[in-house]
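Colleague: Each chain, letter by letter, is given below.
There are 2 protein chains.
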Amino acid sequence: MESPAVLTLSQLPYFSPQKSNRKRASPSWPCQPRSSQPTRLHCQKMYVPGFGEASPEAKAANNLHNFFTYIAVRIVTAQLQSYNPEAYEELMEFMNRHSLNDGDKFCANLMRESSRHKVLALRILEVRSAYCKNDFEWDNLKRLAVKMVNESNTRIMRDYVSETSPAESEK
Amino acid sequence: MESPAVLTLSQLPYFSPQKSNRKRASPSWPCQPRSSQPTRLHCQKMYVPGFGEASPEAKAANNLHNFFTYIAVRIVTAQLQSYNPEAYEELMEFMNRHSLNDGDKFCANLMRESSRHKVLALRILEVRSAYCKNDFEWDNLKRLAVKMVNESNTRIMRDYVSETSPAESEK
Chain F
1 MESPAVLTLS
11 QLPYFSPQKS
21 NRKRASPSWP
31 CQPRSSQPTR
41 LHCQKMYVPG
51 FGEASPEAKA
61 ANNLHNFFTY
71 IAVRIVTAQL
81 QSYNPEAYEE
91 LMEFMNRHSL
101 NDGDKFCANL
111 MRESSRHKVL
121 ALRILEVRSA
131 YCKNDFEWDN
141 LKRLAVKMVN
151 ESNTRIMRDY
161 VSETSPAESE
171 K
Chain D
1 MESPAVLTLS
11 QLPYFSPQKS
21 NRKRASPSWP
31 CQPRSSQPTR
41 LHCQKMYVPG
51 FGEASPEAKA
61 ANNLHNFFTY
71 IAVRIVTAQL
81 QSYNPEAYEE
91 LMEFMNRHSL
101 NDGDKFCANL
111 MRESSRHKVL
121 ALRILEVRSA
131 YCKNDFEWDN
141 LKRLAVKMVN
151 ESNTRIMRDY
161 VSETSPAESE
171 K
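Chains as they are written, first to last, in the numbering used here: chain F, 1 to 171; chain D, 1 to 171.
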C-alpha cells in the first residue's frame, strides 16, 4: 500500500474549498459536526471525530483543570507543613480518605468537612486559580509538547530502522 | 483558624527576596529543589513539591503527548474509513488488541505488525506532529482552562453557600 503519510484536505472526500470563517479563539470546534448535517470539512484543519459537542482543547483543558487542583493541593500542603503542622495533618488525613482524581469534587467535599477544612478548601481554590493564571508556563508547555512529539517520532523510527537492519547498525 | 487564602512568598519561611533570574522559557523548573540544598524559594512562583527533576509543565506535556497520539489515531481512522476500508479494518482490529494509553508504545508496536501497518504507523506519527504544531489551539487551551478554574471556583463556593444558608436561597 503506497499512500502519502499525511493526507491533504483536498484529497479527502466531501472537501469543498470554502473560505474558512473560523476564529482562532472560538470556544468550541467548528470543524466538528454540530448536527447531523454533512458539514464536516469546511475548515483548514484535520477532522477529529469523537468529541461530540466538545473539542480536543476542551478535553485537554478539563484534564489540566484536575491537574491544577492536584498541584494546588501539593502547594498548600507544602506551605502548611512549614507553618501549620496541625492543618497539614488534617489535610493529609482527608487526602487519604478522598480521591484527587476529580478535583472539584475533592474541594467540594473538603469544604463540607469542618470549618477548619473549609478554610483549607478556599485556599486550594485560590491557589489553583493563581497557579493557572500566573505560575503555570503555558509557552513552555507548548514548547515541551512539540519537542516531545519530534523526539518521540525520531526515536520510534530510529529504533525500528536499527532493529530491522542489524547489519547497518553494526557498521 | 484565620489565615489568608493565599500566602504571599514573604510570609513563608526561608524566603529571601533575591532577584529572580529565572527565564520564562526555561525547560525545567528552577523553583524546585534540584538537590538537597535548602534553596527552595528563590523565585517568584509558588513552590510545587513532588516533581523531582521534572516540572509540572513536563508532566502536563507528557499527558498531552499521549493525547495527541490518540487524536492522530482518530484522525487517521476517520480518513481511512472514507477511502481505504481495508486499512481501516486492519487499524481497528489492531486497536482492539493494543492499548492507546501509551501512545509511543502503540506506534512502535503498530510499526512492527506488518509492512501495511508500518505505513499506518508512519502516518500516525506525521499526523500527531502536524496536529500538535498546526491544528491544536494552544491559546484556546489556556483560555478554556482559566475559564474552567474561574467557573468551577465560583460554582463550588456558590453551592456551598446555598447549601449552608437555606433561608437565604428561599428569599
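Worth double-checking, as some hints may not be accurate.
To be verified - Across the chosen pairs, the derived CB separations fall in these ranges:
| hint | chain 1 | residue 1 | chain 2 | residue 2 | range |
| --- | --- | --- | --- | --- | --- |
| 1 | D | 114 | F | 95 | 44 to 50 Å |
| 2 | F | 150 | D | 147 | 47 to 53 Å |
| 3 | F | 62 | D | 52 | 39 to 45 Å |
Stated by the list, open to error - Below, in silico cross-link-like pairs of lysine-lysine (DSS-like), each with a Cα-Cα straight-line distance of 25 Å or less:
| hint | chain 1 | residue 1 | chain 2 | residue 2 |
| --- | --- | --- | --- | --- |
| 4 | F | 118 | F | 105 |
| 5 | D | 45 | F | 142 |
| 6 | D | 59 | F | 133 |
| 7 | D | 118 | F | 133 |
| 8 | F | 142 | D | 105 |
| 9 | F | 105 | F | 45 |
| 10 | F | 59 | F | 118 |
| 11 | F | 142 | F | 105 |
| 12 | F | 45 | D | 45 |
| 13 | D | 142 | F | 142 |
| 14 | F | 133 | D | 133 |
| 15 | F | 105 | D | 142 |
| 16 | F | 133 | D | 105 |
| 17 | D | 59 | D | 45 |
| 18 | D | 142 | F | 118 |
| 19 | F | 59 | F | 45 |
| 20 | D | 147 | F | 133 |
| 21 | F | 118 | D | 118 |
| 22 | F | 147 | D | 133 |
| 23 | D | 147 | D | 45 |
| 24 | D | 118 | F | 142 |
| 25 | D | 105 | F | 59 |
| 26 | F | 45 | F | 118 |
| 27 | F | 118 | D | 147 |
| 28 | F | 59 | D | 133 |
| 29 | F | 105 | D | 133 |
| 30 | F | 147 | F | 45 |
| 31 | D | 59 | F | 105 |
| 32 | D | 118 | F | 59 |
Source of the hints: derived by calculation from the structure; they are not laboratory data.
For glycine and all other residues, C-beta sits at the position ideal for the given N, C-alpha and C.
Colleague: For every hint, state whether the structure bears it out.
Modeller: Going through the hints against the structure:
1. The hinted window of 44 to 50 Å between residue 114 of chain D and residue 95 of chain F holds, with their beta carbons roughly 48 Å apart.
2. Taking the beta carbon of each, residue 150 of chain F and residue 147 of chain D are about 30 Å apart, not inside 47 to 53 Å as hinted.
3. Take residue 62 of chain F and residue 52 of chain D: their Cβ atoms lie about 26 Å apart, and the range 39 to 45 Å is violated.
4. At most 25 Å may separate the alpha-carbon atoms for a hinted pair to count; residue 118 of chain F and residue 105 of chain F meet this at roughly 13 Å.
5. For the suggested pair residue 45 of chain D and residue 142 of chain F, the alpha carbons sit about 20 Å apart, so the restraint of at most 25 Å is met.
6. Proposed proximity of residue 59 of chain D and residue 133 of chain F is supported: the alpha carbons are some 18 Å apart, at most 25 Å.
7. Between residue 118 of chain D and residue 133 of chain F, the direct Cα distance comes to roughly 42 Å. Violation of the 25 Å bound is thereby established for this hinted pair.
8. Straight-line distance between C-alpha atoms of residue 142 of chain F and residue 105 of chain D comes to about 22 Å, which keeps the hinted pair within the 25 Å bound.
9. Proximity of residue 105 of chain F to residue 45 of chain F is assessed by CA-CA distance (about 35 Å); at most 25 Å being required, the pair is judged violated.
10. With a C-alpha separation of about 29 Å, the suggested pairing of residue 59 of chain F with residue 118 of chain F is violated against the 25 Å cut-off.
11. Of the supplied pair hints, the one linking residue 142 of chain F and residue 105 of chain F is violated, its CA atoms being roughly 28 Å apart against a limit of 25 Å.
12. With a C-alpha separation of about 36 Å, the suggested pairing of residue 45 of chain F with residue 45 of chain D is violated against the 25 Å cut-off.
13. A threshold of 25 Å between alpha carbons decides the hint, and for residue 142 of chain D with residue 142 of chain F the separation of about 11 Å falls inside it, so the pair holds.
14. Of the pairs offered as hints, the one joining residue 133 of chain F and residue 133 of chain D holds, with about 23 Å between alpha carbons and a cut-off of 25 Å not exceeded.
15. Simply put, residue 105 of chain F and residue 142 of chain D have alpha-carbon atoms about 22 Å apart, close enough for the 25 Å limit, and the pair holds.
16. For the given pair, residue 133 of chain F sits about 34 Å from residue 105 of chain D by alpha-carbon distance, which is inconsistent with the 25 Å threshold.
17. For a cut-off of 25 Å, the pair hint linking residue 59 of chain D to residue 45 of chain D stands: about 18 Å separates their Cα positions.
18. At roughly 28 Å between alpha-carbon atoms, residue 142 of chain D and residue 118 of chain F are farther apart than 25 Å, so this suggested pair is violated.
19. As the CA atoms of residue 59 of chain F and residue 45 of chain F are separated by approximately 18 Å, the hinted pair is consistent with the 25 Å bound.
20. For the hint linking residue 147 of chain D to residue 133 of chain F, the alpha-carbon distance of about 10 Å falls within 25 Å, and the restraint holds.
21. Note on residue 118 of chain F and residue 118 of chain D: the hinted pairing is violated, with a Cα-Cα distance of about 55 Å set against a maximum of 25 Å.
22. Under the criterion of a C-alpha separation no larger than 25 Å, the hint pairing residue 147 of chain F with residue 133 of chain D is consistent with the structure, at around 10 Å.
23. Annotation: proposed proximity of residue 147 of chain D to residue 45 of chain D holds, straight-line Cα distance about 21 Å (limit 25 Å).
24. Annotation: proposed proximity of residue 118 of chain D to residue 142 of chain F is violated, straight-line Cα distance about 28 Å (limit 25 Å).
25. A hinted pair counts as satisfied when its Cα atoms are at most 25 Å apart, and residue 105 of chain D with residue 59 of chain F qualifies at roughly 22 Å.
26. At most 25 Å may separate the alpha-carbon atoms for a hinted pair to count; residue 45 of chain F and residue 118 of chain F exceed this at roughly 45 Å.
27. Distance hint between residue 118 of chain F and residue 147 of chain D is fulfilled; the C-alpha atoms sit about 23 Å from each other, no more than 25 Å.
28. With a C-alpha separation of about 18 Å, the suggested pairing of residue 59 of chain F with residue 133 of chain D holds against the 25 Å cut-off.
29. Our distance criterion of 25 Å between C-alpha atoms is broken by residue 105 of chain F and residue 133 of chain D, whose separation comes to about 34 Å.
30. Between the alpha carbons of residue 147 of chain F and residue 45 of chain F the distance comes to roughly 21 Å, so the proposed pair stays at or under 25 Å and holds.
31. Among the hinted pairs, residue 59 of chain D with residue 105 of chain F is consistent with the structure: their alpha-carbon atoms are about 22 Å apart, no more than 25 Å.
32. Annotation: proposed proximity of residue 118 of chain D to residue 59 of chain F is violated, straight-line Cα distance about 29 Å (limit 25 Å).
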